[in-house]
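2 protein chains.
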Amino acid sequence: MNIILYGPPGSGKTTVGHTLAAQLGRTFIDADVLIAERAGRTIPQIFAEAGEAEFRRMESEVCAELGAQNNLVIAPGGGALLSEANRRKLEKSGVVFCLRADAETLLARLSAAGDRPLLAGPNPAEKLNALLAARRTLYDSFPEQVSTVDQSPAQVSVVILERLQPHEIPLRAPGLQHDILLGYGLLERLPEILRERELTGPTLLVTDENIFRTLDAGRQKTFAHRLPSVVLPAGEQHKNLATLERLYTEFLKHGLDRNSIVIALGGGVLGDMVGFAAATFMRGVRWVNVPTTLLSMVDASLGGKTGVDLPQGKNLVGAFHPPALVISDPLVLNTLPTAERAAGMAEVIKHTLIDDAEQFAELETASAFGSAAQLARNLSVKVRVVQEDPFEKGRRATLNLGHTIGHGVEAASGYQLRHGEAIAIGLHAELLIANNLKWTPPEITERVLAVLRRFGLPTHCPGLEVAHIRQLMSADKKKSGGQLKFALPRGVGDVVWGVTVPEDMIMEALWAVTGGG
Amino acid sequence: MNIILYGPPGSGKTTVGHTLAAQLGRTFIDADVLIAERAGRTIPQIFAEAGEAEFRRMESEVCAELGAQNNLVIAPGGGALLSEANRRKLEKSGVVFCLRADAETLLARLSAAGDRPLLAGPNPAEKLNALLAARRTLYDSFPEQVSTVDQSPAQVSVVILERLQPHEIPLRAPGLQHDILLGYGLLERLPEILRERELTGPTLLVTDENIFRTLDAGRQKTFAHRLPSVVLPAGEQHKNLATLERLYTEFLKHGLDRNSIVIALGGGVLGDMVGFAAATFMRGVRWVNVPTTLLSMVDASLGGKTGVDLPQGKNLVGAFHPPALVISDPLVLNTLPTAERAAGMAEVIKHTLIDDAEQFAELETASAFGSAAQLARNLSVKVRVVQEDPFEKGRRATLNLGHTIGHGVEAASGYQLRHGEAIAIGLHAELLIANNLKWTPPEITERVLAVLRRFGLPTHCPGLEVAHIRQLMSADKKKSGGQLKFALPRGVGDVVWGVTVPEDMIMEALWAVTGGG
Chain A
1161 MNIILYGPPG
1171 SGKTTVGHTL
1181 AAQLGRTFID
1191 ADVLIAERAG
1201 RTIPQIFAEA
1211 GEAEFRRMES
1221 EVCAELGAQN
1231 NLVIAPGGGA
1241 LLSEANRRKL
1251 EKSGVVFCLR
1261 ADAETLLARL
1271 SAAGDRPLLA
1281 GPNPAEKLNA
1291 LLAARRTLYD
1301 SFPEQVSTVD
1311 QSPAQVSVVI
1321 LERLQPHEIP
1331 LRAPGLQHDI
1341 LLGYGLLERL
1351 PEILRERELT
1361 GPTLLVTDEN
1371 IFRTLDAGRQ
1381 KTFAHRLPSV
1391 VLPAGEQHKN
1401 LATLERLYTE
1411 FLKHGLDRNS
1421 IVIALGGGVL
1431 GDMVGFAAAT
1441 FMRGVRWVNV
1451 PTTLLSMVDA
1461 SLGGKTGVDL
1471 PQGKNLVGAF
1481 HPPALVISDP
1491 LVLNTLPTAE
1501 RAAGMAEVIK
1511 HTLIDDAEQF
1521 AELETASAFG
1531 SAAQLARNLS
1541 VKVRVVQEDP
1551 FEKGRRATLN
1561 LGHTIGHGVE
1571 AASGYQLRHG
1581 EAIAIGLHAE
1591 LLIANNLKWT
1601 PPEITERVLA
1611 VLRRFGLPTH
1621 CPGLEVAHIR
1631 QLMSADKKKS
1641 GGQLKFALPR
1651 GVGDVVWGVT
1661 VPEDMIMEAL
1671 WAVTGGG
Chain B
1161 MNIILYGPPG
1171 SGKTTVGHTL
1181 AAQLGRTFID
1191 ADVLIAERAG
1201 RTIPQIFAEA
1211 GEAEFRRMES
1221 EVCAELGAQN
1231 NLVIAPGGGA
1241 LLSEANRRKL
1251 EKSGVVFCLR
1261 ADAETLLARL
1271 SAAGDRPLLA
1281 GPNPAEKLNA
1291 LLAARRTLYD
1301 SFPEQVSTVD
1311 QSPAQVSVVI
1321 LERLQPHEIP
1331 LRAPGLQHDI
1341 LLGYGLLERL
1351 PEILRERELT
1361 GPTLLVTDEN
1371 IFRTLDAGRQ
1381 KTFAHRLPSV
1391 VLPAGEQHKN
1401 LATLERLYTE
1411 FLKHGLDRNS
1421 IVIALGGGVL
1431 GDMVGFAAAT
1441 FMRGVRWVNV
1451 PTTLLSMVDA
1461 SLGGKTGVDL
1471 PQGKNLVGAF
1481 HPPALVISDP
1491 LVLNTLPTAE
1501 RAAGMAEVIK
1511 HTLIDDAEQF
1521 AELETASAFG
1531 SAAQLARNLS
1541 VKVRVVQEDP
1551 FEKGRRATLN
1561 LGHTIGHGVE
1571 AASGYQLRHG
1581 EAIAIGLHAE
1591 LLIANNLKWT
1601 PPEITERVLA
1611 VLRRFGLPTH
1621 CPGLEVAHIR
1631 QLMSADKKKS
1641 GGQLKFALPR
1651 GVGDVVWGVT
1661 VPEDMIMEAL
1671 WAVTGGG
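In the order they appear, the protein sequences are chains A and B.
The first sequence begins at 1161 in our numbering and counts up one residue at a time.
The second sequence begins at 1161 in our numbering and counts up one residue at a time.
Bear in mind the hints are in silico, worked out from the structure with no lab data behind them.
Accuracy of the hints is not assured; some may be wrong.
[Stated by the list, open to error] Examples of chain A residues toward chain B, derived with CB under 8 Å:
| hint | residue |
| --- | --- |
| 1 | Ala1439 |
| 2 | Met1442 |
| 3 | Lys1465 |
| 4 | Gly1467 |
| 5 | Leu1476 |
Note that the structure is a prediction, hence the values are computed from the model and not measured.
Backbone N, C-alpha and C fix where the C-beta goes; we use that ideal spot for every residue, glycine too.
Could you build the full structure based on these sequences and the hints that come with them?
Quick look at the structure:
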């Protein structure tokens, strides 16, 4: 895994890069320096003589080259990641820390150097401000932000080194005892981690075609060559008994026995299915879950539930079979399609509503989500709730927030809406019920809707029919004793469960989110 | 369920029958009295005027009629059950207690009465002895034997009433907590038992075609009409993922949900499969196991293991999912084919070798096995062993006695040998190893072989190849760390586990049981 230091001119990429690389015993590469060396000219000379376009071409070349290498500390030029392609190449190879400082600090640092073509000439302050304004969205979009104001390079290095430490979150409940390892670059260390944790024995990695494609393209394939693997077709339509049968056959073909380890590398659908195959192969073998989506990292990979679908409904066949270990690497989120990532945010936001008002507040202003620390904090909400109520007798029902209606919305859309999108709409509708019951003031609903929208989630489903949603809600598993039980917020970080709601209030909320469709 | 009092003339069937019926508030029917009433003549008159053949015809008619009724106390004539057909009709309807007394006692009682045509004329003692000698095998063949010597009818009634009490055997181990109910007539009381034990909710009974046929023929169908049921094809070839899928579909069709109860009515194959379907439907619903074979009553229904086969091997897919209750009714054993029942005896005998020297001694002279008390005692061996070693770290391996070689024999026969037959041969071979190791004197082996043969089990497999058996043993699941571990007897009631055996001793034992094939 590479460490990429990014940020505006003067943010300290080069000085911090040198310090950090020395501490880690790695090579530091300043992309601009590399470009200048290769061109035999300074950057201002390239700009002046060949033009910015030529410089950007050289820069892309260097980004692709560095992204194909490993274990470097890299400082791309301040504008390098304006190109989506450059960004993808580097983000696939490692973690980006965006170094930040206010304009005044940046200007003071830059006045010492003279090789910044974009700020050359008169009024550098004005130019810098214009540049910062133009690039703010880009700089803000990295989950790892590091302030370098009043910090020495060594101090900044310490911060970065700390953030590189993997999080080890223990989950300890009756019948559910394992660790969750979460950190940058854990995926490429998978074989070593298994060895360190004594998860040895005949091992088979199962993934799907989508994940395999991204692996194959990047350096992460290196580890795949060291583990026998099976690639399944991707998608919920394959989460069925036929694929299960294929898995058993592959297990036997690869010589798995009772002492084996099965690794699920994929999203919730794959994890459910591989976990269930592990639960039932030879009455249960150990498995390791390596979630690759935001949704599965913060939610689906936790709790020990596994299963497959039947034509009659989702997850109708399953078992409780917790993995021996969950390994989450935030870097894999960089390869997710935007809509997929947004969908995962619904569960993230739900968790903050259940038990983390502070992270909810953070989300109200945050431009990015997905740092190891943010993920660890968010998934800890589910860990706490599961630990507190291992037998699903009480508080665990709060995790259904947004789901009572959300499942109905998801089903009514014919599963055209992603789970997370449906949950966002469900959250909206359930907040309206809470408003109606006078439990939650409308301001809370407005704040939640703002956060949902901020992260690209829908809050309405205009095409769907109220009666259809309502009917599919009734068929939902959360029903008990014939009556729908809701989890409803009383405020941010305070959710009440087991609530029955007058039928007309449910209908009213559904009318509001569908626009009366 | 009827109570049938049988035995030689003078054994007290009528007097005990009257007393017992009065105590139970039931109707007592003396078959001979019924025949005489209908004929308007005494039994001696029928014999004299119409001949014995005509009497036997009338007797069969009455047996069929009484066997179709319920809740009677019935005393068939002393020779009535010489006819297999009569016996089957009555045994399907209830439990037979065979009342016994020595010839002297019988004669003393009979001298008081004068209506016994078979003993009429001179030398009644000689005639009685001849009759007893001719019918000894028949009388001995009933598992329930009751001595009436020096006992009043009231005292005999008490003994019978005690034997009619169901046995309730608790199984208490980590993750394995349920009762085993064992008693005559429990099958027809199934719906009531479920209610009493609060095993309520949408309920579905699953059985197979063979069982369904016997049910349909007898009065036991009465309960089937009160429970929704599904009938699967019978046989291990259907214990697969396809049948599992069918089961899930039936569960949904019958409206089962998470609060449902699934009942498996059948042998080990059906119990394994239905148990696994219950284990995995909606991540696990409760199930009740109602074993209908000797093998499943004393062995397969205990321990919580469920599963289905794959084309590549048996029980490769499965789960640990103990039933909420096991209900065994010895009456269903009466409908088993003789070979099936004999096969079950292999595990019965194995249990006595592991931990019940007293019952082993009983088997050395017993002509019949299958009373509720015998079954309860025998299955308690497995219960004790499982409780003592719930995690299969130690003594539970003694249950593999006969199986290390037996599985190889079973597989080498292409599963043409029944499991129990293969285990009998395996027991033989493993005893020879124990002899060879000087652990067990050859006399023990001779005694075990005598008991196996007494109950109709094979001890050799002349058609099979030594090398083939040996190869299939290696593929067996009991292998751990590459080395075969045997459980071997050191004496009756004393089995040692985890024994490795020199290869030549294994081969020698296989040569002996195959005759060097």
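Checklist entry - Does glycine 1467 of chain A meet its interface restraint, that is, does its C-beta lie within less than 8 Å of any C-beta in chain B? => result 6 Å, holds
Checklist entry - Any CB of chain B closer than 8 Å to the CB of leucine 1476 of chain A? => result 6 Å, holds
Checklist entry - With a cut-off of 8 Å, does the beta carbon of lysine 1465 of chain A approach a beta carbon of chain B closely enough for the hint to hold? => result 6 Å, holds
Next on the checklist: Is the interface hint satisfied for alanine 1439 of chain A? The criterion is a beta-carbon contact with chain B at less than 8 Å.
Outcome noted: 7 Å, holds
Item to check | Satisfaction of the methionine 1442 of chain A interface hint, Cβ to chain B closer than 8 Å | outcome: Because about 6 Å separates methionine 1442 of chain A from the closest Cβ in chain B, which is inside the 8 Å limit, the hint holds.
No hint from the list above goes unmet by this structure.
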